[in-house]
Amino acid sequence: MSQPIAANPDRLLPADPGMRRVARSLYSLVESLPIISPHGHVDAAVIEQNLPFPDPAALLVTPDHYVTRLIHAGGVPMDQLGLGNAPVDSRRIWRNFCAAWPLFEGTASGYWIRQEFEHVFGLRDEPSADTADRIFDAIAAKLEEPGFRPRQLFKEFNIEVLATTDDPLDSLDSHQALAADPAFAGRVLPTFRPDAYLNIAHPEWQAKVERLIGSAAGGVSGYAGYITALEGRRRYFVENGAVSADHGVRTPATLKLDDAEAARLFERARTGKASPEDREVFEAHMMYQMARMSVEDGLVMTIHPGSYRNHHAPTFEAFGADTGHDIPFAVNYTEAIRPLLQDFGTAKDFHLVLFTLDETVFSRELAPLAGFYPAVYIGAPWWFLDAPDAMLRFRSAVTETAGFSRSSGFIDDTRAFCSIPARHDTSRRIESAFLARLVAEHRISEERAHELIVDVVDTAPRRVFKL
Amino acid sequence: MSQPIAANPDRLLPADPGMRRVARSLYSLVESLPIISPHGHVDAAVIEQNLPFPDPAALLVTPDHYVTRLIHAGGVPMDQLGLGNAPVDSRRIWRNFCAAWPLFEGTASGYWIRQEFEHVFGLRDEPSADTADRIFDAIAAKLEEPGFRPRQLFKEFNIEVLATTDDPLDSLDSHQALAADPAFAGRVLPTFRPDAYLNIAHPEWQAKVERLIGSAAGGVSGYAGYITALEGRRRYFVENGAVSADHGVRTPATLKLDDAEAARLFERARTGKASPEDREVFEAHMMYQMARMSVEDGLVMTIHPGSYRNHHAPTFEAFGADTGHDIPFAVNYTEAIRPLLQDFGTAKDFHLVLFTLDETVFSRELAPLAGFYPAVYIGAPWWFLDAPDAMLRFRSAVTETAGFSRSSGFIDDTRAFCSIPARHDTSRRIESAFLARLVAEHRISEERAHELIVDVVDTAPRRVFKL
Amino acid sequence: MSQPIAANPDRLLPADPGMRRVARSLYSLVESLPIISPHGHVDAAVIEQNLPFPDPAALLVTPDHYVTRLIHAGGVPMDQLGLGNAPVDSRRIWRNFCAAWPLFEGTASGYWIRQEFEHVFGLRDEPSADTADRIFDAIAAKLEEPGFRPRQLFKEFNIEVLATTDDPLDSLDSHQALAADPAFAGRVLPTFRPDAYLNIAHPEWQAKVERLIGSAAGGVSGYAGYITALEGRRRYFVENGAVSADHGVRTPATLKLDDAEAARLFERARTGKASPEDREVFEAHMMYQMARMSVEDGLVMTIHPGSYRNHHAPTFEAFGADTGHDIPFAVNYTEAIRPLLQDFGTAKDFHLVLFTLDETVFSRELAPLAGFYPAVYIGAPWWFLDAPDAMLRFRSAVTETAGFSRSSGFIDDTRAFCSIPARHDTSRRIESAFLARLVAEHRISEERAHELIVDVVDTAPRRVFKL
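Residue numbers (numbering that gives the first Met the number 0), protein chains in the order written: chain A, 0 to 466; chain B, 0 to 466; chain C, 0 to 466.
For reference, chain A alone in the conformation it holds in the complex:
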């Protein structure tokens, strides 16, 4: 069953020979550009401490819930993938993964892993029950080489900027250490992610807010202290290189409350008396406040609503969050985001990146919004949508209304450090494929396409994220 891994230089490019020729030439212009990753979930400490990566399963399987979920759907319980409390032999996890490999054919994870195996680890074998041990040994051996430490790979991968995602009370020690280290040339930037402090239904909201006010409100108490503390921590993030604040919300609702009403809601939540409606209203109000603060402190605001987190409660209880069952639902931005845009949609230098997991929003709402409001940028397709066909659907959906200038540039959003080059490479190939079609259909000139491919791959993320 073992097959050579496809390493075709034309992978993901269009089949039509004329389009492929154009796509190749576009891709060649961006293939080697540095990686700009303005949003992701790699831990800064991993780079800073530069420890060797653990074994293959702990690096590539257990922490990647896009991988574990499909093996789970195929019938392997979560605890046999290393997610439970009981230790499982890494090699056994790895065999489960390799035996399940055919499940990944045609998936985004499949494309990334295949390229990662080939380009990062130099593997030629197709994963399968038969090849599992051989591949495990080969990767394990690589992981012991000094060239496979995080900082060496950071350089090898040609990463220029890598943004992490951080708790507002994070000390940002690792970021500071990296910035101060003359031996490390990359930029590792923190991102302000206050979800747990804004969502009053979060199980730790009260505790976190007490700690926030206690440590960062400068003695001010109550709602005023809460706002002061958030503003203060944002400033601290800015001082430490942050360029954006990221918001995972249930819906894109926004709302402007007056201070007295907001304070009343805040106190109700603090004393455990808030209703589900209060949660909606308060979170909507805080989105408005976050926009106000972004206008003031310059942090790019990113919003990603529309995921039902931890859909399967028994799995959440046994294995925690981020275990593969965050399920998207329908989203409507047009009315919901309006209160925020009334006041800040044309604010000077305000950048608001709107993501969606609901593809219907791209052509219907995001392209028209971004085609009018200077503040609004269309977030790249991500999460389930950072895959070849989905990215092509995205470009087709937004370009005719909003052109190429109003989208965010690729976002890898990953915890899987070693997959970063494969993810960006996939995006670059697909952007080349899309533009090649426009050239082949005489919609744009090849000369202009040469400018646009560099713009969408390199200039857009720098411009949108103020890098």
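Don't take each hint at face value.
As the list claims (entries may be wrong) - Calculated lysine-lysine pairs in the DSS-like style (CA-CA distance at most 30 angstroms, straight line):
#1 A:K207 - A:K255
#2 B:K347 - B:K272
#3 A:K255 - A:K347
#4 C:K272 - A:K255
#5 A:K465 - A:K154
#6 B:K255 - B:K207
#7 B:K272 - C:K255
#8 A:K465 - A:K347
#9 B:K255 - A:K272
As the list claims (entries may be wrong) - Derived list of chain A stretches under chain B, where covered just means 3 residues or more per stretch with a C-beta under 8 angstroms from a C-beta of chain B:
#10 90-103
#11 320-327
#12 447-457
I should point out that these hints are in silico values taken from the structure, not numbers from a laboratory. Nothing here was measured: the structure is a model prediction, and the numbers come from that model. In this text, a Cβ means the ideal position worked out from N, Cα and C, and glycines have one as well.
With chain A held as given, fit chains B and C onto it using these hints.
Coordinates of chains B and C only, in the frame set by chain A:
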């Protein structure tokens, strides 16, 4: 105006020469595989009694509401298509159909009928007012040949399994007779379809439920008897070869009520006092109960929500149900199906096939759900969506998130026995076309595509429907 | 940076050589057919008075909110585009536009403008900061030529029918003058557009309704007078050549109230006491009434719901309506339109064209509705959706369910007179491209495609709009 009917062996395959070569080779692997039809609406008695089919209009026009609806939209009243009580000359109906033939260009029905004409009836003429009588005579002559009886066609069509759709109180006589007949080699399986017993707004609900409890509750009365009777009839279906239970519901809502509350609702409905909200709640509860029973008795559970049945009341009143005006609407699965999946989403050997008429659900909800829950399979595009472009959109929408292993395999869902080969052939061609694109774009190897085409056409329906 | 403008005769046709050959031959059949424009926003007085067009900016930039919105999103304030009260030098507006030209690459506006520049004005230069003045001068010179007057261009553009959009109390003087002028051979038809008289939340509703009743109710007062006046003005429009009545509504809701209830609502609105719910109910009722009147007087009824008008209040207050921030939202037709269709869906000679800005509605709702109801036609993709990829998605979404006979034909919906040929040409190329794919994939014969391309381009709008 008469044209030769296109009988091109490459029909429905991609135009790009490179892709077409691959598609041809994939299609050749599945072209002659037996037909597995795990859900449809052919009457088992038709096969059992093996009577000749009636005339062309009564076979191909009047009972196929996908055909009559378009002719109706084109201005021909329903009663001139044989749907009213007054008898209409078959030849006149047939002329109406042939004169309307250009309306079907580019439609799914058009592809099937054209292939059926060519491959089942050996016709070369394009239907038109001019050719109507000649075609009528040719088909009528064929229908008198002994080789055109249902059982002979069953064999000729290479059907291995054909599931019917049956009332829970059906005796299943025809299924038993076919199973006991050594001269008949096919499998004709019943399917448990209890809609009218679960939807308390159904005009015959009370009468049907009385009959159900009276005949199958073993003396138990009330809600407990109702549940007992449903369980008993499911067992009877299992004993007679059923592999699935099918549920047409307004929304995908599911809910777990305690027995006392369910019994209260049941009694309110029985005494005609249920409100519209009661209907929603009770049907949602019964979907939960149906899942529980499927976990216990092994019947695959299939759900298809989101159709506004009998949209045009005057047509329904004059001509009955299934007359071409069931109109889809937007559906949201993520929250609605959650109560069911909390308890049964990872239940051993439970298979839950989720269909949709709302394409937005494929990438947004069904692929992520099926990519995590072992129980969930993505229902094939059917009803308005079992057409070439719609099937390609389906594969594009779900594959990158859920791969190829999480979908149900093709479902023909048809009442039109003679269209079964054309429908399955269309699906096989489109699956080949989709995989050929992935090969041509170097996303999967041709060797792997050879495995996948057999998997999606043949292995998937056997696996998902436990055949 | 200046590039030659692509004038490729194959623009917008498919890249695959086999498909392109077919597409070319289809396009050649319709390239020179007269333009039928059954809905748009050109002012009849412009044609009637035949005055020279003003300068390039006032012709091509300031009044086209698809152009100004993207430049605004790119950071240029509205008042620098000529939209404010303070006069701005035309040449400065023009330079802003030319400098922003790269923003339009890949957009619908970009395709139209490029073709307009090339084919109407004979320009070879790519717009840019460098070429702005040269292009301005070239266009300005053309605008002074006698051949560039509206009537000459009307003939040059080969326009056969041009429908305008008019207030119910419009005198239709210009239409009458054109119809009476033996020197003018085209047809310029009024369209009855009563939105402001039906939407009781419209700021001028009360004043307009008083005027309507005062001038056209024949002395009848109150709700009865209101209905009488609307009927009377419709008759006046019919007498002056109108073929359709157009309705821009928030949602597609329809409802049949009895006269007494409608009169009560009407009086509440008239005395300023109507609630937001009243608005919904009354507008839904009036949609039903408009359908009833259409059945009686023969005007084709067109509905376009689902746009959040004037989304950014500060821009609306400063610059008025139609300034680029009407933002679509999700729409559901199936339930909403049902009351109207119950009574009029099969009414003799009633034509109801349903438009949408929410693409999900095309395959899910509009194709099934139009595939059953003789009255229903699927409105062409327009507004943000009259662009190459969106038009291809439209055909793919509706054809397999509804065929080619159930859609409206292209609608340019434009205020920009000089863009009319480019818009229709784009549509003709894309229809050719879509049909060419069906031919190349052996779904339809090339002979039938030759009939269909003429049908969708020329016959359909004549048939649907009763021309």
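The hints, checked one at a time:
1. A:K207 - A:K255: Judged against 30 angstroms, a Cα distance of about 24 angstroms means the pair holds.
2. B:K347 - B:K272: 39 angstroms, violated
3. A:K255 - A:K347: 20 angstroms, holds
4. C:K272 - A:K255: The given pair, whose Cα atoms are some 27 angstroms apart, holds under the 30 angstroms limit.
5. A:K465 - A:K154: Holds - the C-alpha atoms of A:K154 and A:K465 are around 22 angstroms apart, at most 30 angstroms.
6. B:K255 - B:K207: Satisfied, since the Cα-Cα distance of roughly 24 angstroms is no more than 30 angstroms.
7. B:K272 - C:K255: 27 angstroms, holds
8. A:K465 - A:K347: 13 angstroms, holds
9. B:K255 - A:K272: Measuring from Cα to Cα gives roughly 27 angstroms; hence the hint holds.
10. 90-103: holds (count 3)
11. 320-327: holds (count 5)
12. 447-457: violated (count 0)
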